[in-house]
Amino acid sequence: MPERRVLLQVRDLKTYFPITRGLLLRRAVGQVRAVDGVSFDLYRGETLGLVGESGSGKTTVGRSLIRLQEPTSGAILLDGEDDLTQLSGQALKQARQRLQMVFQDPYAALNPRMAVGAIVAEPLEVLGQLGRAERRQRVAELLDLVGLDPAFASRYPHEFSGGQRQRVGIARALAPEPDLIVCDEAIASLDVSIQAQVVNLLEGLQKRLGIAYLFIAHDLSMVRHISNRVAVMYLGHIMELADKAALHDDPQHPYTQALISAVPIPDPKVEKERRRIVLSGDIPSPANPPSGCVFHTRCARRSALCQAQVPELRALASGHYVACHHPGPPTSAG
Amino acid sequence: MTPLLEVRDLTVRFRREEGEVMAVNHLSYGIERGETLGVVGESGSGKSVHALSVLGLVPQPPGRIAGGQVLFEGRDLLTLPPAELRNLRGGKIAMVFQDPISSLNPVYSVGFQIVESLRCHLGLRSGPAKRRAAELLDLVGIPDPKLRLRAFPHQLSGGMRQRVMIAMALACEPKLLIADEPTTALDVTIQAQIVELVKRLSRELQLTVMWISHDLGLVAGLAQRVNVMYAGFLVERGPVAALYERPLHPYMAGLLASMPRMDRRTEESLSAIAGRPPDLTRLGSGCPFAARCGLADQRCREEMPPLQEPAEAGRLVRCWHWQRMAEGAAGHA
Chain C
14 MPERRVLLQV RDLKTYFPIT RGLLLRRAVG QVRAVDGVSF DLYRGETLGL
64 VGESGSGKTT VGRSLIRLQE PTSGAILLDG EDDLTQLSGQ ALKQARQRLQ
114 MVFQDPYAAL NPRMAVGAIV AEPLEVLGQL GRAERRQRVA ELLDLVGLDP
164 AFASRYPHEF SGGQRQRVGI ARALAPEPDL IVCDEAIASL DVSIQAQVVN
214 LLEGLQKRLG IAYLFIAHDL SMVRHISNRV AVMYLGHIME LADKAALHDD
264 PQHPYTQALI SAVPIPDPKV EKERRRIVLS GDIPSPANPP SGCVFHTRCA
314 RRSALCQAQV PELRALASGH YVACHHPGPP TSAG
Chain A
832 MTPLLEVRDL TVRFRREEGE VMAVNHLSYG IERGETLGVV GESGSGKSVH
882 ALSVLGLVPQ PPGRIAGGQV LFEGRDLLTL PPAELRNLRG GKIAMVFQDP
932 ISSLNPVYSV GFQIVESLRC HLGLRSGPAK RRAAELLDLV GIPDPKLRLR
982 AFPHQLSGGM RQRVMIAMAL ACEPKLLIAD EPTTALDVTI QAQIVELVKR
1032 LSRELQLTVM WISHDLGLVA GLAQRVNVMY AGFLVERGPV AALYERPLHP
1082 YMAGLLASMP RMDRRTEESL SAIAGRPPDL TRLGSGCPFA ARCGLADQRC
1132 REEMPPLQEP AEAGRLVRCW HWQRMAEGAA GHA
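Protein chains in written order, with our numbering: chain C, 14 to 347; chain A, 832 to 1164.
For the record, the hints were derived by calculation from the structure and aren't laboratory data. A hint or two may mislead.
Below, a list of computed lysine-lysine pairs in the BS3-like style, where the Cα atoms sit at most 30 Å apart [said to hold, decoys possible]:
id, chain 1, residue 1, chain 2, residue 2
1, C, K282, C, K106
2, C, K282, A, K961
3, C, K106, C, K27
4, A, K977, C, K282
Here's a subset of chain C near chain A, in silico, CB distances under 7 Å, partners left out [unchecked claim]:
id, residue
5, V45
6, D204
7, V205
8, A275
Computed list of chain A residues with no C-beta within reach of chain C, every gap over 10 Å [as the list claims (entries may be wrong)]:
id, residue
9, L835
10, Y860
11, A982
12, M991
13, Y1075
14, L1086
Please read these numbers as outputs of a predicted model, since none were measured by experiment. From the three backbone atoms N, C-alpha and C, an ideal C-beta is built for every residue, glycine too.
Construct the entire structure; sequences and hints are all you get.
Here you go:
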């Protein structure tokens, strides 16, 4: 990236979900700490990959950014000014125009009773800046931009394949000319041969329009391909954040190392030679996270300090952040 | 030696409103004793349906076995009386499916469900069956097996449930384990645990495994031999190393080229396969991949290529242009 201008600053974001009991007198008996103090910057025009396993809170981060989910506390600064968590009414609507989302399931994300043209036009209608004829023109442009025939505007979602539906979802997200698109597992439900098509489309759009992506995914290979920087989440915390080359070639957090070593590589020779760091046990419940470092229950490097104290996300090298008391390259103990 | 399982000319159809779905088309192959066969393909390639029909689990109607044989220890499973087939399933042939939560009964403890299988297939009495069930949970790496027998499915994590499923599958010392996307619903670190487990079991118990997956990476580290399916056809087959290094079918080559790799930098855009899989109710007479293939010509569009045998040992490919692929042509458009 030539210039790095900050688009979003996320500071100590927390999103908790209450656990309730009782039918008539619902009372909170606990909370799931889905996102528990996450801070990062997102630059204009970059792709920030956000990876993690189920329950890591990566999707909740994405949804909290555009206030589809109300954050419990923290700040999200847009252009260093407006705090998105404090906005409401017209101001929120204005801000949301700049932040759009593409969802995982292209079958559930499109209203089956609306024609594709109407789906793509809906954000434009809500914004109310264009007349009817201009809107139709813009919808045709958008469909063309995502590689669909503008003549398809009168068709309904069920007439399209999964990959094509995801293109419709992308066209809809592009309609208000956003600065950021949150892609939440946007290719996970597509077949391998179709995934590459959609990823190439996203990359092409970024080059032409300068949009930033928060690319939330569990597929680390694809994240490595598409991202400029990558953040690794575990149980509501960012464990490591770095340029993709640094993260993949020189991971410092034991969790990142285990995660990378678990990703299969489509090459039998490489697979034969590989040494895997197999983590024992499962990811603990976010309703009852471990004390101190949330990863310590599965970590081979844990010490008394790890059980007692939450490690801060600190810079080890320029732009390489790690939340670990004992960072470093993999040891023989894993 | 004859293969443990031999599929001959298997053809499966499904009746739908739009027409008849040609789900599996003239599929023939064998699995040798002790080997792990990977079956790869995308959704609609027929990889799961063919496994279900091997086990007599295709619902009929709307499904229909339109032809072929499935030979297991010399008997054709497709013509076996239902009672005998039931005996075989969960006995000599065991299965593990993608979604462990819908494969387990939520109202019974996992111990009860394993014991049920042991009593039904092996005729064990309650006491020995319980001891064996605990041994099985121990075998698949579940800590405190005796305690875990009393757990209900919802009390276990996804990875633990899949271990229970594998324990149940192994209960009657099967000869063949059919695993249909068993790790797709799991996280990668848990997937790595399950893969290590199955590799260990296949080694220790001389288990023959058919592992069905859409994940080429996973199969690369697991299988000795691989079947590649597309639109219900076997399009390529071979030993894993040769197949991945020198794919002879443009589809397999295209798939490998379109996948980013964790161990490599990709500075350019991915080389995607254009288009999408054909409508299985309207398969023409030609090669089903022709519309997406960079090497396709008139003959490909009109005439189905037969499975051909290159000189290389153990390889099969269904493509008119495999020789050009062998010479290094890039088949994908």
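Consistency of the hints with the structure:
{"no.": "1", "hint": "C:K282 / C:K106", "in the structure": "53 Å, violated"}
{"no.": "2", "hint": "C:K282 / A:K961", "in the structure": "42 Å, violated"}
{"no.": "3", "hint": "C:K106 / C:K27", "in the structure": "22 Å, holds"}
{"no.": "4", "hint": "A:K977 / C:K282", "in the structure": "40 Å, violated"}
{"no.": "5", "hint": "V45", "in the structure": "16 Å, violated"}
{"no.": "6", "hint": "D204", "in the structure": "4 Å, holds"}
{"no.": "7", "hint": "V205", "in the structure": "6 Å, holds"}
{"no.": "8", "hint": "A275", "in the structure": "4 Å, holds"}
{"no.": "9", "hint": "L835", "in the structure": "22 Å, holds"}
{"no.": "10", "hint": "Y860", "in the structure": "19 Å, holds"}
{"no.": "11", "hint": "A982", "in the structure": "14 Å, holds"}
{"no.": "12", "hint": "M991", "in the structure": "7 Å, violated"}
{"no.": "13", "hint": "Y1075", "in the structure": "5 Å, violated"}
{"no.": "14", "hint": "L1086", "in the structure": "6 Å, violated"}
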